[in-house]
Amino acid sequence: MTKKYRKITSVQLFFILVGAIIGMGVTSLPADVVSISKQDGWISVLIGGIYPLYIVLVGGIIIKRRPDSNIMDLSKAYFGKIIGNIFNIFFMLTFLFYIVLVISGSSNQLRAYSVYFIPHFKLVMIFAAVSCYASIKGLKVLSRLTTITFFLLCVIILTSSVSFKSGSILNVKPFFGAGIPKILEGSLKTNFAYAAMELLLIIYPYVQDKKNILKASLFSALVVIFFHTWIVYVSIYFSGPDLILKQLWPFSFVAESFKIPVINNFRFMEMVIWIAMAYKTMSIEFYAATKIFNNITKIKRKTSCFLLLPIIYIFPLFLENEVIRRDFGGKVIPWITIFNITYITIIALLTLLIDKKRLRHIQKKGENL
Amino acid sequence: MKIETIDSKVSTIINALGSSTPIKVKKISIGKDPSIQGAIIYIDGLVDKNIINRDILNPLMIQITSSIELNMDTSSFLCSNYITADCSFIKGNTEEVSKNIKNGNTLLLIENIEDYVMIDTTGGAIRQVSDPMNETSLRGSRDGFVENLEVNISLLRRHIKDSNLCIEKLVVGRRSQTDLALVYIKDLVNIEALDELKERINAVDVDSVTGMGAFQEFIDENPYSPFPMCFATERPDRVTPNIMEGKIAIILNGSPFVLTTPSIFIEFFHTVEDYNERTILANFIRMLRYIAVLLVITLPSIYLTLIKYNGELIPIEFVVPVVQSRIGISLSPFMEILILEILMEILREGGLRLPSKIASTLSIVGGIIIGNAAVQSNMVSPTTLLVIGITVVASFAVPTVDMSISIRFLRFPMLFLANSMGIMGIATGYILLILHLSALENYGIPYMEFNMDELKDTFVRAPLWKMNARPKIISDRNVNRQTNFMSKLRRKKND
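One line per chain: the protein sequences are L and A, in this order.
Under our numbering, the letters of the first sequence match residues 1 to 369, in that order.
Under our numbering, the letters of the second sequence match residues 1 to 495, in that order.
Honestly, the hints are just simulated from the structure, not real lab data.
We put the CB at the ideal spot given by N, CA and C, even for glycine.
A couple of the hints might just be wrong.
Cut-off 30 Å, straight-line C-alpha distance, at most; resulting in silico cross-link-like pairs (DSSO-like, lysine-lysine) [what the hints assert, rightly or not]:
id, chain 1, residue 1, chain 2, residue 2
1, A, LYS472, L, LYS211
2, A, LYS472, L, LYS137
3, A, LYS472, L, LYS259
4, A, LYS198, L, LYS140
5, L, LYS7, A, LYS186
6, L, LYS302, L, LYS122
7, L, LYS140, A, LYS26
8, A, LYS492, L, LYS210
9, A, LYS472, L, LYS64
10, L, LYS140, A, LYS493
11, L, LYS211, A, LYS466
12, L, LYS215, A, LYS198
13, L, LYS122, A, LYS308
14, A, LYS456, L, LYS215
15, A, LYS99, A, LYS26
Per the computed footprint, the stretches of chain L lying under chain A, defined by three or more beta-carbons under 8 Å from a beta-carbon of chain A, are [to be verified]:
id, segment
16, 115-121
17, 127-137
Interface residues of chain L toward chain A, partial, derived using beta-carbon atoms under 8 Å [what the hints assert, rightly or not]:
id, residue
18, VAL11
19, VAL141
20, ARG144
21, THR147
22, ILE148
23, ARG267
24, MET271
25, VAL272
26, ILE275
27, ALA276
28, TYR279
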């Protein structure tokens, strides 16, 4: 492989970040937020977008100061090898946790919608195996995959706009009717949907044009916020807050309203696209997890893919019930978010405080260790 | 000068050529009073005897009326004054001499003179340049490559008169000694790709290279991938634009196919017509082609999924006809589709090599009788037959033979996946396909990658006057191929 093509471009970074965040889980996002902030759920999602924006902006400081070393190296350099690695292990666990939730969630939704004949453990096995295969292929291949899936996502978003003819504006009115406290409370529910923006801090050294990293990631955060808001808005507009609460995956309901004469309804195509989305999200998150594992243990990334494979195969098996899965996720995700925010903020602050000269010294020492 | 009789010189050359090859040796006397002894050596069938008679024998034996002085310059004197054909001199190296003779040149030996005089008498029967049989086009040029290396190079040279055009000759095959030429434009080609290609060609260590397909496999970077990694064509008007994009053309002597490499996935779906038609119409046809590709890969699997697992997704108007047509069918849907698919492939394979007179029998027996009987004997349902029929017809829309086979092959794994996992199988199949395609690389150039500024000639084609830049993905040297000249022609707003 020539040197030129080993790194990803900033446009590909954009696709990867959008791909890492938006997965099959967005179909259930409306149900999560509407349960608290009712018809103003879309405003909650808009506010929840502060999380990825914060990560990008704080990450911007790190990227600007230390463009060549990722967050794992920095944490080892600042806290020493042992404490730094403990943080890194937690950081890796967050990604593994995301994958476990995504795999089990995708399997649950698929079994409800189309592949009822495949048992949970088989679906999990297929998901785990394919995402392991994909992440072995590396970042460059994943970037090409996400480029394609991004446009598939756009197809779904576009077709959902067809529902505008059958919905009603009364469903989203009155604006701010739920009250500001409820809206803010609802925005906390969006944490999981916005998760995985932290991926930026792992992969930024592999981007060719360093100048555009911040621009691309900011843009990806905005696109994600737009897509999420749109998805929730359309769902509320189409079904109304009362009907949404009775569904597990409200957005799929919207997409199904799109009828094409021969293909009957859009469900088949929609399902194919959502499965592709699910695969892509898992693969990227698994890539991130193995990347951190590789950084901690120095085991080859390909080998670490196989070492971590049992985790993403075994744990989703316990989350066969969708309601239990959401309950479990709802309990753990806030802690993960808090950890991520603290971890990234501390690293950014330290990058700001420690002057470059000393840092280089620490860095070297860390590398030698 | 070295005293050596003509007989010993002839035997040296015969030894170098291999004593068991039939070689023509004709001894001649050059000049008169006293004449000097010479000989010409050639291989029958490779030379044009008219040239030998007219341009070598006639002047040397008849037109020289005086005596010829024997010294260092004799051979060049003869060449510049008497021999009218093209000459070159070789000193000492009998290896090179024998190689030249095997390529159809004639050797002139003169007693006591060390130089070997090679006279270009290449001839023999060569197929005429004609319309390529397997790649017809409505509006492209009518010349196709032939089996001769020199003719093929000349065909390309007629299209590209750039002074940077570089033609590099190599030889592959220990015993077959097949000639090979790399054609590229020096200041456009991707140097890293060129170096790697040369390295791979030089590493080829085989007895013989039988054809382009075999050679392609020897230099292939991903030999286990079902997708073609080099673009093979018979049409000079397809090779020329590729060379202009910075790719390298490989011409192998004896093969009417010319390879261009490094190739990218999407170019296998483009045709000459795409560039000779009006933009909008060309794009319409291109879109049809992509739809056909998707149909070939997925239509049987979608049909299988619908009737086997997800009956609720069949459009309500279709449910009754589909169900009715399946009453009393003995085979399971999967077996039914698989058997028909394999039958279609057998029909196609059979029809490919049959003489045209028997081929019509095949199409009647295969297409009409078997199709009809299969339905009437309740082996397959008419709907399945329709689906398979559409798939087969759609597979003809893939323009390149190599890619057509790959695409047709893909529907079998897809069918197996759909049978075991339904929709999930189709989606998994596509994801694995995309992953495989994204992971392929050809001499360091990604096989499938879509960059924003290079979408102008992939799924759709931008107007030709808008394609100002060469695709950077192949080579990033001298990217501008045209200026934005249309803007000069645009009318001013106030006019």
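These are the hints, each one checked on the structure:
1. A:LYS472 / L:LYS211: holds, 21 Å
2. A:LYS472 / L:LYS137: This hinted pair holds, its Cα atoms lying about 24 Å apart.
3. A:LYS472 / L:LYS259: Distance ~41 Å between A:LYS472 and L:LYS259 Cα, so the pair is violated.
4. A:LYS198 / L:LYS140: OK: A:LYS198 and L:LYS140 at ~26 Å, within 30 Å.
5. L:LYS7 / A:LYS186: The given pair, whose Cα atoms are some 27 Å apart, holds under the 30 Å limit.
6. L:LYS302 / L:LYS122: holds, 23 Å
7. L:LYS140 / A:LYS26: violated, 66 Å
8. A:LYS492 / L:LYS210: Violated: A:LYS492 and L:LYS210 sit about 41 Å apart, past 30 Å.
9. A:LYS472 / L:LYS64: Given that 30 Å is the threshold and the Cα spacing comes to 29 Å, the pair holds.
10. L:LYS140 / A:LYS493: Distance of about 47 Å is beyond 30 Å: violated.
11. L:LYS211 / A:LYS466: holds, 29 Å
12. L:LYS215 / A:LYS198: violated, 41 Å
13. L:LYS122 / A:LYS308: holds, 19 Å
14. A:LYS456 / L:LYS215: Given pair A:LYS456, L:LYS215 holds - Cα atoms ~25 Å apart, limit 30 Å.
15. A:LYS99 / A:LYS26: Since the Cα atoms of A:LYS99 and A:LYS26 sit roughly 19 Å apart, the hinted pair holds (cutoff 30 Å).
16. 115-121: holds (count 3)
17. 127-137: holds (count 4)
18. VAL11: holds, 6 Å
19. VAL141: This hint holds: L:VAL141 lies near chain A, its Cβ roughly 5 Å from the closest one there, short of 8 Å.
20. ARG144: Because about 4 Å separates L:ARG144 from the closest Cβ in chain A, which is inside the 8 Å limit, the hint holds.
21. THR147: holds, 6 Å
22. ILE148: holds, 6 Å
23. ARG267: Since the shortest Cβ distance to chain A is 6 Å, the answer is holds.
24. MET271: L:MET271 check passes; min Cβ-Cβ to chain A is 5 Å, inside 8 Å.
25. VAL272: This hint holds: L:VAL272 lies near chain A, its Cβ roughly 5 Å from the closest one there, short of 8 Å.
26. ILE275: holds, 4 Å
27. ALA276: Holds, because the Cβ-Cβ distance from L:ALA276 to chain A comes to roughly 6 Å (cut-off 8 Å).
28. TYR279: holds, 5 Å
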